[in-house]
Structure formats: C-alpha cells, structure tokens
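Input sequences plus hints: build the corresponding full structure.
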Amino acid sequence: MPTGCPAAPARPCEADGGEPVGQAPRPGAGARPVLPTVDPMLIAFSVAPLGSGDSVTEAVADAVRVVRESGLPNRTDAMFTTLEGEWDECMDVVRRATEAAGRHGTRVSLVLKADIRPGRTGELTGKVDRVEARLATD
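Position 87 of the sequence shown, counting from 1, maps to 1245 under this note's numbering, and the rest follow consecutively.
Warning: the hint list may mix true and false statements.
[As the list claims (entries may be wrong)] With a Cα cut of at most 16 Å, we get these calculated EDC-like pairs of lysine to aspartate or glutamate:
| no. | residue 1 | residue 2 |
| --- | --- | --- |
| 1 | Lys1271 | Asp1235 |
| 2 | Lys1271 | Glu1281 |
| 3 | Lys1285 | Asp1273 |
| 4 | Lys1271 | Glu1244 |
| 5 | Lys1271 | Asp1250 |
These aren't lab readings, by the way, just hints derived from the structure by calculation.
What follows is the structure, given as structure tokens:
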C-alpha cells in the first residue's frame, strides 16, 4: 500500500519498494544521462561557516584564497564564487574551500549551482560577453 511519498504514482518511492525519490531508474529501467567529466563547466558556489559569530569575512576569504590558488579561472562577487574547469578539479576546489570555511565554525553551509554544457569553453566570461553584446544592440 502506498505511503504517500511525493513521487509520481507511476514511479513509487523507496518506502513503497520503488526507487528513492530524486534518483535515476535502476539500470535497464531507462536511459540515464552521462555527465561529462572532462569538458569545462561552471560551478557557482557560496560557502559560510555556521556558529562563528556575526561576521564570516575571514572564513570566506580563506575559501576564496583556496579558489584563487587553484589556478582555475574564477570570479568572486558579493554572493558567489564562480570557477571554470573539469568536473573533478572543480569539485576538489569546492571541497577544499568548504573545508577552509568550515574551520571557522561548528557547521558549514554550502550552496552550489553548476552549468554543464559539453563543448563550450571560456564561459566564465563568454556568457556575460554575449549578454553585453546583445544589450549594446538595443
């Protein structure tokens, strides 16, 4: 009997003996997209310690230092740090930056967004350049 899981009725949730909610079907149950691991991608992330007081400036500076020392193309603004590289190298930098920020508190908050578009490089600046070019024609 269904337990009221949020999954669609055609695909029961784990509690009903089906797939865990949010996971791809088991092999043979349907096509699963393959994430490219060697194509450049953009990762935007924000990391901050929790339980460290009112200011997170020092912790964020430590995290950004890790990103800059990585040698990957990057940009930091008021809300996120964005870097461009291959999957493994980006995720390694995010992990190390999270560890650096985490040393300043008892917990750490990480928000991450990725743009995975095979075959594209230079998107850290390219995406913005295309928007600016479009605005210049208005």
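Checked hints:
| no. | hint | verdict |
| --- | --- | --- |
| 1 | Lys1271 / Asp1235 | holds (15 Å) |
| 2 | Lys1271 / Glu1281 | holds (14 Å) |
| 3 | Lys1285 / Asp1273 | holds (11 Å) |
| 4 | Lys1271 / Glu1244 | holds (14 Å) |
| 5 | Lys1271 / Asp1250 | holds (15 Å) |
Hint compliance for this structure: every hint is met.
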